[in-house]
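Here the protein sequences come in this chain order: A and B.
The opening residue of the first sequence carries number 1 in UniProt numbering; numbering runs sequentially from there.
The opening residue of the second sequence carries number 1 in UniProt numbering; numbering runs sequentially from there.
I should point out that these hints are in silico values taken from the structure, not numbers from a laboratory.
Among the clues, some could well be false.
A pair counts as met if it fits within one copy or between any two copies, since identical chains are not told apart.
[To be verified] Listed next, the in silico DMTMM-like pairs over lysine to aspartate or glutamate satisfying Cα-Cα at most 25 Å (straight line):
id	residue 1	residue 2
1	K57	D153
2	K57	E146
3	K57	E18
4	K218	D195
5	K218	E87
6	K149	E87
7	K149	E222
8	K60	E46
9	K60	E18
10	K218	D173
11	K218	D93
12	K57	D145
13	K218	E46
14	K60	D93
There are 2 protein chains.
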Amino acid sequence: MATGRTHRPATRSRGIPEATVARLPLYLRALTALSERSVPTVSSEELAAAAGVNSAKLRKDFSYLGSYGTRGVGYDVEYLVYQISRELGLTQDWPVVIVGIGNLGAALANYGGFASRGFRVAALIDADPAMAGKPVAGIPVQHTDELEKIIDDNGVSIGVIATPAGAAQQVCDRLVAAGVTSILNFAPTVLSVPDGVDVRKVDLSIELQILAFHEQRKAGEEAAAAAADGAGPVATTRGESESADKGPDGDVPAVMPA
Amino acid sequence: MATGRTHRPATRSRGIPEATVARLPLYLRALTALSERSVPTVSSEELAAAAGVNSAKLRKDFSYLGSYGTRGVGYDVEYLVYQISRELGLTQDWPVVIVGIGNLGAALANYGGFASRGFRVAALIDADPAMAGKPVAGIPVQHTDELEKIIDDNGVSIGVIATPAGAAQQVCDRLVAAGVTSILNFAPTVLSVPDGVDVRKVDLSIELQILAFHEQRKAGEEAAAAAADGAGPVATTRGESESADKGPDGDVPAVMPA
DNA sequence: AATTGTGAACGAATTCACAGCG
DNA sequence: CGCTGTGAATTCGTTCACAATT
Numbered sequence: 001m002a003t004g005r006t007h008r009p010a011t012r013s014r015g016i017p018e019a020t021v022a023r024l025p026l027y028l029r030a031l032t033a034l035s036e037r038s039v040p041t042v043s044s045e046e047l048a049a050a051a052g053v054n055s056a057k058l059r060k061d062f063s064y065l066g067s068y069g070t071r072g073v074g075y076d077v078e079y080l081v082y083q084i085s086r087e088l089g090l091t092q093d094w095p096v097v098i099v100g101i102g103n104l105g106a107a108l109a110n111y112g113g114f115a116s117r118g119f120r121v122a123a124l125i126d127a128d129p130a131m132a133g134k135p136v137a138g139i140p141v142q143h144t145d146e147l148e149k150i151i152d153d154n155g156v157s158i159g160v161i162a163t164p165a166g167a168a169q170q171v172c173d174r175l176v177a178a179g180v181t182s183i184l185n186f187a188p189t190v191l192s193v194p195d196g197v198d199v200r201k202v203d204l205s206i207e208l209q210i211l212a213f214h215e216q217r218k219a220g221e222e223a224a225a226a227a228a229d230g231a232g233p234v235a236t237t238r239g240e241s242e243s244a245d246k247g248p249d250g251d252v253p254a255v256m257p258a
Numbered sequence: 001m002a003t004g005r006t007h008r009p010a011t012r013s014r015g016i017p018e019a020t021v022a023r024l025p026l027y028l029r030a031l032t033a034l035s036e037r038s039v040p041t042v043s044s045e046e047l048a049a050a051a052g053v054n055s056a057k058l059r060k061d062f063s064y065l066g067s068y069g070t071r072g073v074g075y076d077v078e079y080l081v082y083q084i085s086r087e088l089g090l091t092q093d094w095p096v097v098i099v100g101i102g103n104l105g106a107a108l109a110n111y112g113g114f115a116s117r118g119f120r121v122a123a124l125i126d127a128d129p130a131m132a133g134k135p136v137a138g139i140p141v142q143h144t145d146e147l148e149k150i151i152d153d154n155g156v157s158i159g160v161i162a163t164p165a166g167a168a169q170q171v172c173d174r175l176v177a178a179g180v181t182s183i184l185n186f187a188p189t190v191l192s193v194p195d196g197v198d199v200r201k202v203d204l205s206i207e208l209q210i211l212a213f214h215e216q217r218k219a220g221e222e223a224a225a226a227a228a229d230g231a232g233p234v235a236t237t238r239g240e241s242e243s244a245d246k247g248p249d250g251d252v253p254a255v256m257p258a
């Protein structure tokens with residue numbers, strides 16, 4: 001992107017890397033905790049530790065937002081909270097609907113971290129007529145028939161799909177047709193959506209499978225190590241650490257707590 | 001990884017890229033669906049479409065596992081299912097414990113995709129004595145006091161944390177001390193673990209915040225587009241398509257369905 | 001003196017494009 | 001002839017290391 005030698009990109013240049021965006025919520029959470037403890041400033045080192053990343057990465061991330069720190073001192077906690085919130089669009093209100101009020105949908109509806117960050121559960125929707133009217137987390141469940149009206153009345157642009165896999169695409173299509181442009185999908189299916197609609201996926205079984213892969217690899221390495229004792233040279237290279245275990249550093253993905 | 005010019009990595013070389021590992025479960029799901037419909041073979045193009053990735057990526061991914069396709073024809077569905085399952089370690093049984101049986105823990109316990117893929121819920125654990133003995137998803141909840149014994153008796157190496165944030169690190173420490181080496185964390189906290197322990201994180205509020213960011217960006221662009229009509233030149237560069245919308249392609253992260 | 005902000009080096013992941021093979 | 005498998009080119013992300021700044 002050019003050397004930007006001209007004057008200065010004033011505030012920020014636009015085009016924050018996706019990887020950085022994915023970490024901003026992490027920083028925000030750590031900062032909020034500091035803010036609650038009335039800590040006035042943090043260094044990149046401290047904040048990075050709290051967020052579980054390394055400090056160079058954090059500084060580079062912040063550099064995409066602008067120059068919000070003070071050399072020799074660190075970052076002003078309140079100010080950064082505000083800047084990141086604004087960057088993420090959390091200074092505005094985001095009404096969301098949750099479709100599919102089973103165990104998971106109920107868990108999501110009850111999740112406190114929602115309201116705390118600009119998100120507001122505008123409605124709960126389920127296809128089961130028996131659910132209609134029953135309150136979950138204090139909000140009465142509405143029937144799927146009302147979906148379009150609900151989206152429209154509340155100006156909802158973010159939808160959460162917590163239905164069984166079979167119903168997901170259909171629900172998705174209706175959400176999109178009704179005007180939703182961001183979807184968080186908990187159903188184990190690939191959703192197809194038109195351009196301009198964002199989908200993020202959260203899939204337990206995939207995460208477990210990834211863990212199983214690493215778990216298996218560990219077991220294999222132990223075996224190799226044991227074998228190395230008893231007998232001659234083992235083919236595997238080991239000792240190179242494989243680059244894969246990365247320490248306690250968080251990974252790429254992420255989504256949702258109790 | 002050196003050029004590996006020596007002889008040949010025989011089956012596979014070791015060191016499958018992390019990004020590839022994260023996609024294998026996706027391919028596996030698509031393949032399983034095909035298998036159930038008794039489809040005998042697929043081309044990289046078809047399978048890629050079903051998994052929501054592009055075909056070059058899929059072929060490159062498979063190339064790390066070995067040469068399991070047939071040129072001019074495609075891939076044998078059953079054979080690939082087996083190879084990927086084996087690679088992911090799903091041909092063995094993985095007992096898991098779920099700690100924290102609130103709404104979310106219950107949702108996880110009830111999640112069917114578990115058993116289907118080598119995972120078996122060995123126990124449900126909760127700190128609330130009132131929960132003890134109550135069956136959830138047909139499995140009686142046990143008290144946290146039993147944690148170490150349960151891990152040990154069942155040879156559990158994978159733990160799922162679905163507790164409130166405040167309890168997560170403590171639970172984590174106990175799991176690790178008891179021998180768990182892979183953790184799936186649903187609590188909104190950064191866990192610190194010793195080397196050799198893998199942690200994956202699933203965090204709803206983070207995913208929503210990422211969606212909000214993109215949602216906001218869309219709104220901004222609309223506004224900019226509208227503004228471009230009315231008045232003079234706008235500062236922002238636009239038209240460069242920003243690289244960020246990537247189309248309907250899935251994103252990086254992932255985790256869990258109803 | 002301490003800590004940010006950032007070019008530059010590096011490494012990982014994706015995409016291209018085509019040779020190789022069935 | 002069609003489709004896989006893969007080097008080479010490219011893009012994206014991380015880390016290094018240090019000059020700039022308070």
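Results of checking the hints against the structure:
1. For the homomeric pair K57 and D153, neither the shortest alpha-carbon distance inside one copy (42 Å) nor that between copies (42 Å) is at most 25 Å.
2. With identical chains, the CA atoms of K57 and E146 are never at most 25 Å apart, being 46 Å at best within one copy and 41 Å at best between copies.
3. In this assembly of identical chains, K57 and E18 lie within 25 Å of each other by CA distance both inside one copy and across copies; the values are 13 Å within and 19 Å between.
4. In this homomeric assembly, K218 and D195 come within 25 Å of each other (Cα to Cα) only across copies, at 12 Å, whereas the closest approach inside a single copy is 41 Å.
5. In this assembly of identical chains, K218 and E87 lie within 25 Å of each other by CA distance solely across copies; the values are 13 Å between and 40 Å within a copy.
6. Proximity of K149 to E87 under the C-alpha cut-off of 25 Å is found in neither arrangement, the shortest distances being 30 Å within a copy and 47 Å between copies.
7. When the C-alpha separation of K149 and E222 is checked against a cutoff of 25 Å, the pair qualifies only between copies, where the shortest distance is 23 Å, while the shortest distance within a copy is 58 Å.
8. Only within a single protomer do K60 and E46 lie at most 25 Å apart by alpha-carbon distance; the minimum there is 15 Å, versus 39 Å between protomers.
9. In this assembly of identical chains, the alpha carbons of K60 and E18 lie at most 25 Å apart whether taken from the same copy (13 Å) or from different copies (23 Å).
10. In the homo-oligomer, the alpha carbons of K218 and D173 lie at most 25 Å apart only across protomers (19 Å), although the nearest pairing inside one protomer, at 42 Å, exceeds that limit.
11. Taking CA atoms no more than 25 Å apart as the test, K218 paired with D93 passes between copies only; the shortest distance there is 15 Å, against 45 Å inside one copy.
12. Neither within a single protomer nor between protomers do K57 and D145 lie at most 25 Å apart by alpha-carbon distance, with minima of 47 Å and 40 Å respectively.
13. For the identical chains of this complex, K218 and E46 are neighbours neither inside a copy (31 Å) nor across copies (34 Å), given an alpha-carbon limit of 25 Å.
14. For the homomeric pair K60 and D93, neither the shortest alpha-carbon distance inside one copy (29 Å) nor that between copies (42 Å) is at most 25 Å.
The structure shown violates the earlier hints numbered 1, 2, 6, 12, 13, 14.
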